[in-house]
Amino acid sequence: MRIALVQVASPPQESPADRRARVGGMVARARGADLVVLPELWAAGYFAFDAYAERAEALEDGPTVTAGRAWARELGAYLHLGSLVERDAHGRLFNTAVLIGPDGTIRHTYRKIHVFGYASREAELLTPGTELPVLDADEGMAGLAATTCYDLRFPELWRSLVDRGATTVVVPAAWPAARREHWRLFTSCRAVEEQVLLIACNAVGTQQGGVELGGHSRVVDPWGAVLAEAGTEEGITFCDADPDVVPRVRAEFPVLDDRRLGMPPAPHVLTDPPVREQR
Numbered sequence: 006m007r008i009a010l011v012q013v014a015s016p017p018q019e020s021p022a023d024r025r026a027r028v029g030g031m032v033a034r035a036r037g038a039d040l041v042v043l044p045e046l047w048a049a050g051y052f053a054f055d056a057y058a059e060r061a062e063a064l065e066d067g068p069t070v071t072a073g074r075a076w077a078r079e080l081g082a083y084l085h086l087g088s089l090v091e092r093d094a095h096g097r098l099f100n101t102a103v104l105i106g107p108d109g110t111i112r113h114t115y116r117k118i119h120v121f122g123y124a125s126r127e128a129e130l131l132t133p134g135t136e137l138p139v140l141d142a143d144e145g146m147a148g149l150a151a152t153t154c155y156d157l158r159f160p161e162l163w164r165s166l167v168d169r170g171a172t173t174v175v176v177p178a179a180w181p182a183a184r185r186e187h188w189r190l191f192t193s194c195r196a197v198e199e200q201v202l203l204i205a206c207n208a209v210g211t212q213q214g215g216v217e218l219g220g221h222s223r224v225v226d227p228w229g230a231v232l233a234e235a236g237t238e239e240g241i242t243f244c245d246a247d248p249d250v251v252p253r254v255r256a257e258f259p260v261l262d263d264r265r266l267g268m269p270p271a272p273h274v275l276t277d278p279p280v281r282e283q284r
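Under our numbering, the first residue of the sequence shown is numbered 6, with each subsequent residue one higher.
It is worth saying that the hints were derived from the structure and are not from the lab.
What you are looking at is a predicted structure, and each value in this text was computed from that prediction instead of being measured.
Each residue gets a CB set at the ideal place from its N, CA and C atoms; glycine is no exception.
Misleading hints may appear alongside valid ones.
As the list claims (entries may be wrong) - Pair ranges (Cβ atoms, derived):
hint : residue 1 : residue 2 : range
1    : Glu257    : Cys194    : 17 to 23 angstroms
2    : Glu136    : Gly236    : 32 to 38 angstroms
3    : Arg97     : Asp249    : 35 to 41 angstroms
4    : Asp108    : Gly215    : 38 to 44 angstroms
5    : Glu65     : Ala142    : 20 to 26 angstroms
6    : Ser20     : Thr132    : 21 to 27 angstroms
7    : Thr110    : Glu238    : 15 to 21 angstroms
8    : Glu238    : Glu161    : 30 to 36 angstroms
Turn these sequences into a full structure, and let the hints guide you.
This is how it looks when you write it as structure tokens:
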């Protein structure tokens with residue numbers, strides 16, 4: 006499987022429409038890839054919190070998905086659109102990742118479960134997702150799942166994905182440069198502990214509030230081998246990966262089969278909340 010990681014900058018002065026046009030040109034240069042991957046909220050701009058409501062779009066026919074459908078058909082490839090601010094029929098906003106097939110149809114979606122609150126308004130503005138879907142039957146993409154950015158810090162979510170049949174996990178992100186080493190650590194750790202092929206595409210450049218994004222998009226195999234790693238600039242990084250490495254590693258080193266389930270819960274140190282003086 007030939008993978009193209011498309012690192013995108015989302016400068017505050019650029020409109021989402023202009024960005025879609027520009028990114029469309031970048032995606033066109035990924036011809037020859039089987040799977041093209043974009044970062045988290047690249048069209049809206051992750052840190053453009055005040056514009057989330059204005060830039061939210063319907064999942065099926067919003068401008069970002071509509072553009073992505075055309076790009077995927079033109080390439081004849083799978084396109085992981087990263088994520089977008091989705092507005093559902095009830096007016097709720099979600100951070101939703103979307104996979105589009107070579108025929109332009111939506112094949113997989115994931116609404117980010119762990120919305121971020123640290124130095125971020127995402128948790129204030131967006132509704133957490135509640136489902137962990139895994140693609141169970143698609144040409145060459147069976148076992149594909151997605152998590153988004155902050156989800157990397159929650160290993161129990163990843164183990165749940167594996168229990169649902171995940172073998173390849175795509176991670177669109179807007180991970181800041183200030184915590185780049187955490188990004189590299191967690192992408193390697195999740196790939197090894199869950200024995201998956203991990204495909205992580207991060208944003209770059211400076212966004213609202215002067216936040217610098219970390220880049221270093223990477224592909225990590227189940228042994229922890231880094232098959233490709235980008236730098237900090239906007240552009241495309243290609244990588245050839247064998248999805249069959251996952252069943253081979255799991256058969257050779259069956260750590261997932263050695264789990265001991267049903268262990269008793271850890272004892273609680275405090276059974277009641279502390280008593281505070283009333284004033």
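These are the hints, each one checked on the structure:
| no. | hint | result |
| --- | --- | --- |
| 1 | Glu257 - Cys194: 17 to 23 angstroms | 20 angstroms, holds |
| 2 | Glu136 - Gly236: 32 to 38 angstroms | 34 angstroms, holds |
| 3 | Arg97 - Asp249: 35 to 41 angstroms | 39 angstroms, holds |
| 4 | Asp108 - Gly215: 38 to 44 angstroms | 41 angstroms, holds |
| 5 | Glu65 - Ala142: 20 to 26 angstroms | 21 angstroms, holds |
| 6 | Ser20 - Thr132: 21 to 27 angstroms | 25 angstroms, holds |
| 7 | Thr110 - Glu238: 15 to 21 angstroms | 33 angstroms, violated |
| 8 | Glu238 - Glu161: 30 to 36 angstroms | 34 angstroms, holds |
In the structure shown, a violation is registered for the earlier hint numbered 7 alone.
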